[in-house]
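For the record, the sequence lines run as chains A and B. Residue numbers for the first sequence follow our numbering, beginning at 1 and rising by one. Residue numbers for the second sequence follow our numbering, beginning at 1 and rising by one.
Since the hints were made in silico from the structure, they are not lab data. All C-beta atoms in this analysis are idealised placements derived from N, C-alpha and C, irrespective of residue type, glycine included. Some hints could be false.
Some chain B residues flagged as far from chain A (calculated, every beta-carbon gap over 12 Å) [stated by the list, open to error]:
1. GLY16
2. VAL20
3. LYS22
4. PRO82
Per the computed footprint, the stretches of chain A lying under chain B, defined by three or more beta-carbons under 8 Å from a beta-carbon of chain B, are [claimed, not checked]:
5. 33 to 47
6. 95 to 104
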Amino acid sequence: SAVISQKPSRDICQRGTSLTIQCQVDSQVTMMFWYRQQPGQSLTLIATANQGSEATYESGFVIDKFPISRPNLTFSTLTVSNMSPEDSSIYLCSVGGGGGTEAFFGQGTRLTVV
Amino acid sequence: GENVEQHPSTLSVQEGDSAVIKCTYSDSASNYFPWYKQELGKRPQLIIDIRSNVGEKKDQRIAVTLNKTAKHFSLHITETQPEDSAVYFCAASDTGRRALTFGSGTRLQVQP
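All chains should be built: construct the whole structure from the sequences, respecting the hints.
Written out as structure tokens, the structure is:
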């Protein structure tokens with residue numbers, strides 16, 4: 001199993017600003033995932049963060065808007081840049097799942113952009 | 001990439017009744033199919049999963065069935081209780097991205 005600590009748990013931000021979300025895992029993992037969950041919607045993969053290489057972004061998500069860092073095997077950050085109200089969502093980091101193992105999630109960051 | 005469709009979007013049952021949620025997937029290479037329960041304001045929690053070499057798996061009141069030929073899998077909850085009320089997501093492993101692709105979710109309401 002994996003325990004994931006994610007912070008902040010929520011924030012209210014002004015449009016045009018940026019927010020960095022941190023995710024700490026209690027064990028070393030090769031891949032970390034960042035998902036977005038818009039209000040009342042499902043989880044959509046933003047990007048895969050690999051240690052030592054550039055993150056891989058899904059269609060519709062770009063590095064300039066969602067820069068990701070992965071400095072080591074237990075930590076990652078996602079920045080939501082130049083925010084607009086449309087960025088109001090829950091952002092979740094995750095490990096596992098793709099290789100046939102259980103996926104674990106951070107508690108999520110509820111972002112409101114005003 | 002993988003595409004997962006989930007039905008129904010909402011489901012209301014009486015306490016004690018059974019609930020069934022169905023999902024289909026598109027990538028025949030997908031080999032892992034978990035189900036997650038998400039309560040309001042909380043992170044998704046795994047409730048049961050199945051791998052492609054198994055047709056059915058049961059854990060107390062919860063069961064999952066998988067039909068690889070038809071590329072669909074289903075969640076069955078028997079003897080539903082009010083605490084089963086939540087949003088349920090199916091997912092499939094995407095062997096290319098090595099991440100999960102989620103269905104659209106089912107809001108289950110168990111009426112006492």
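Indices of hints not satisfied (ascending):
none
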